[in-house]
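**Q** Use the sequences and the hints to build the structure in full.
Residue numbers for the sequence shown, in this note's numbering: 93 to 228.
Hints in this document: simulated from the structure, not taken from any laboratory. These numbers come from a predicted model, not from an experiment. Accuracy of the hints is not assured; some may be wrong.
Claimed, not checked - List of simulated lysine-lysine pairs, DSS-like, C-alpha gap at most 25 angstroms:
no., residue 1, residue 2
1, K221, K206
2, K152, K213
3, K157, K206
4, K148, K192
5, K158, K213
6, K152, K221
7, K157, K213
8, K192, K206
9, K158, K221
10, K221, K157
Said to hold, decoys possible - What follows is a list of derived Cβ distance ranges for each label pair:
no., residue 1, residue 2, range
11, D183, Q125, 38 to 48 angstroms
12, K157, E205, 16 to 26 angstroms
13, D183, D215, 40 to 50 angstroms
14, N130, D184, 40 to 50 angstroms
15, C141, I100, 15 to 25 angstroms
16, D184, Q125, 35 to 45 angstroms
17, D224, T95, 15 to 25 angstroms
18, Q187, G162, 35 to 45 angstroms
19, Q210, N101, 26 to 36 angstroms
20, R186, K157, 18 to 28 angstroms
Quick reminder that beta carbons are idealized off the backbone N, C-alpha and C, glycines included.
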Amino acid sequence: MLTSKVIINREVQIRRKLYNGGESGSRTDIWIQATDENGQVTLCIEVKCNWNASAKTSLKDQLIKKYMSGGTAGAGILLLGWYACPDWDNDDRRQANATKTWSDIDTARTDLEKQAEQECKADHWVSAKVIDCSLR
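**A** Structural data, given as structure tokens:
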């Protein structure tokens, strides 16, 4: 009998805070677990917006080192939302930071895909995807 299950959660605490005043626990943006008769696969998705100061380093520093280390997830995706566009309200503080890290969406996509390719290892698979969320 074929039985398979998929569980999708958000803001899942995969490690708890160890003590008062200590480093915060690890909470993933999206945590997917799929099981069938052959075993279980866990996928962690970290979501960033292009104005986030840590977006450029989060594939390695957050997704891999914090969420995938220790075998908690064998696969991960860094999902970057690209919001920069001419119609963005100049009074929005995020607008000023939107192109500090990358000048355009293609540069962001190329950089993150290259990082993901370099970080893929036998014990974990990572990918980076950039979604155009800009106003049209």
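**Q** Please name the hints from earlier in the document that this structure breaks, with their numbers sorted from lowest to highest.
**A** 17
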